[in-house]
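As they're listed, the protein sequences go chains A and B.
So in the working numbering the end of the first sequence lands on 312, straight run, no missing numbers.
So in the working numbering the end of the second sequence lands on 259, straight run, no missing numbers.
These are computed hints drawn from the structure, not numbers from a lab.
Incorrect hints may have been included.
As the list claims (entries may be wrong) - If you only want the chain A side, here are some residues facing chain B, beta carbon under 7 Å, derived:
1) Ala184
2) Ala187
3) Val188
4) Gly189
5) Ala190
6) Gln194
7) His278
8) Ile279
9) Arg307
10) Ile310
To be verified - Derived lysine-lysine pairs resembling DSS-like cross-links, with alpha carbons at most 25 Å apart:
11) Lys309/A <-> Lys101/B
12) Lys309/A <-> Lys192/A
13) Lys67/B <-> Lys192/A
14) Lys27/B <-> Lys13/B
15) Lys192/A <-> Lys202/B
16) Lys23/A <-> Lys9/A
17) Lys107/B <-> Lys311/A
18) Lys101/B <-> Lys202/B
19) Lys125/B <-> Lys111/A
20) Lys107/B <-> Lys308/A
21) Lys244/B <-> Lys257/B
22) Lys85/B <-> Lys192/A
23) Lys36/B <-> Lys13/B
24) Lys36/B <-> Lys146/B
25) Lys107/B <-> Lys85/B
26) Lys85/B <-> Lys27/B
27) Lys137/B <-> Lys202/B
28) Lys244/B <-> Lys309/A
29) Lys27/B <-> Lys203/B
30) Lys107/B <-> Lys192/A
31) Lys111/A <-> Lys67/B
32) Lys311/A <-> Lys146/B
33) Lys146/B <-> Lys309/A
34) Lys85/B <-> Lys110/A
35) Lys111/A <-> Lys192/A
36) Lys101/B <-> Lys308/A
37) Lys101/B <-> Lys311/A
38) Lys110/A <-> Lys125/B
Where a beta carbon is used, it is the ideal one built from N, C-alpha and C, also for glycine.
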Amino acid sequence: MASTIKPAKDLNAVRALIKKHKKNDRLFSVIGIFVIAALAIALLVLFLDLVIDGYPKMNLEFFSNFPSRKAEGAGILSAWVGSALVLTVTFFVAVPMGVAAGIYLEEYAKKGWFSDLIEINVANLAGVPSIIYGLLALGLFVYEFGLGTSILTAGLTLSLLMLPIVIVSTREAIRAIPVHIREAAYAVGATKWQVTLHHVLQYAMGGVLTGIIIGMARAIGETAPVITIGALTFIAFLPPAPVSEVMPFINFNWLDAGFTVLPIQMFNWISRPEHAFHINAAATGAVIIILTLLMNGLAIRLRYSIRKKIKW
Amino acid sequence: MGKQNEIIKAESKNFDFHYADGTHALKNINLPLYEKKITALIGPSGCGKSTFLRSFNRMHDLYPGNKYDGEIILHPDNTNILHTKVDPIEVRMRISMVFQKPNPFPKSIYENVAYGLRVRGENNKRLLDEKVEEALKGASLWNEVKDRLQDLAYNLSGGQQQRLCIARALATDPEIMLFDEPTSALDPIATVNIEELMSELKKKLTILIVTHNMQQAARISDYTAYMYLGEMIEFDETDTIFTKPSKRETEDYITGKFG
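Next up, chain A with everything else stripped away, as it sits in the complex:
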């Protein structure tokens, strides 16, 4: 009986149509691969160029020497210590404030035109050019509050930059928590704060941490706002150590100290005429890129390991 069934007349037409449509699939794949490759190659070339140029300087002394008039002996000790201390301040200011603001806006604030307005503005703040933050910090922290050009001022300035990133990522992470999980918590008699603390914050942690690290990675490379507040470009001393052997073991004098950071050190060396300093600049650039990549890698890693434990 089967032999009596004839193929539909237009079977060939259907096949031709499918073939034609699949051409678009292939076309888009090719364009996609081309774009991705262009981006990846550009980054790789840039990075390799810095590494190759800076390779002669990549040794321990580069990290343990102060900058110097002689390019051969110059290092980035004051710059990386400065970057580390500034980022410490940034972290302790931006993280609690940003996470708290995100939680408040998402969980507690009444939804309406006012919260919409705040939301739009926070999102916009993330895109404001960083030099504007520098000018704000110069007027507010340096002159108005009299904090001077200190590690504290730089940390606060960069935390302004980082805040919107943390707030936005906190809110997005909270929004991803399904309604039925929230309702389950409320249904057993939990208060809003209990739901926030025991559920919302814990399940949102992956997204929040990602936002924090991406924000820090952005802050580490920022140059313009730190120059605007008047950071020094040549520093041959370290701030007072935060920890000491005598009571009370921890001090905050370092907050007040002058400083420089990695990108400024790099900028300074680039503007020198001698080629030897350009090698130093390349090496510093490679250090900054490696730090940024490491931080982004950590963010991906953390998000993955936290999400693995959470399924709805």
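Got chain A; can you put chain B on it based on the hints?
Leaving out everything else, chain B in the frame of chain A:
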């Protein structure tokens, strides 16, 4: 309606409900819940039965703009649980709920069951252990999970997850338990398990269940209410509703001519 010797555990009186968008979802609902009985709410989709169920633990308070009118009185203390002066959290501590889709927290089996007690400030390890065991036994899940209480809850099957949610709702000794289509996401065997469990639970507490499945209502409930378009069409003993309903609409729905 209702046998004379039954005790009323809760009753709604002239209850109206409006959603924030103005939808008049429930109109003048009067319904008694008899103590240690299962009352089933049936009716076509969108008739307001879930809305009604969720009013019993003030779930609608989570979303601004929803409005209750009338009363739901909880006995024996005659508390109107809809009154603005009654804290919804107090209501949820007395009346617990099991949802349509199993919704365990992404935490361990133990923590899921213990959460209601933790919320009440209970941190005594021995007492928590006892209560968790009791609740899991009450939800006939103990034998399947007793060796892996620290496993994550989502490693359980769908039916086990739903029984875990029942254990979570049971651990706090509620007076009434609400079930919002608890078996609609489960396979037939898991459904039978949950139904048997409910018949067991009603020895201890009062149950209100929303179900899409009329056979389920007929199998497990003592009383049935038929709702349509936000109104209570008929309420009676389940046998009466399914054999000789007094309203034409109820009969049409039961016999499948409509809905």
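**Message:** Output the indices of the hints that this structure fails to meet, ascending.
**Reply:** 7, 8, 9, 15, 19, 24, 25, 28, 29 and 38
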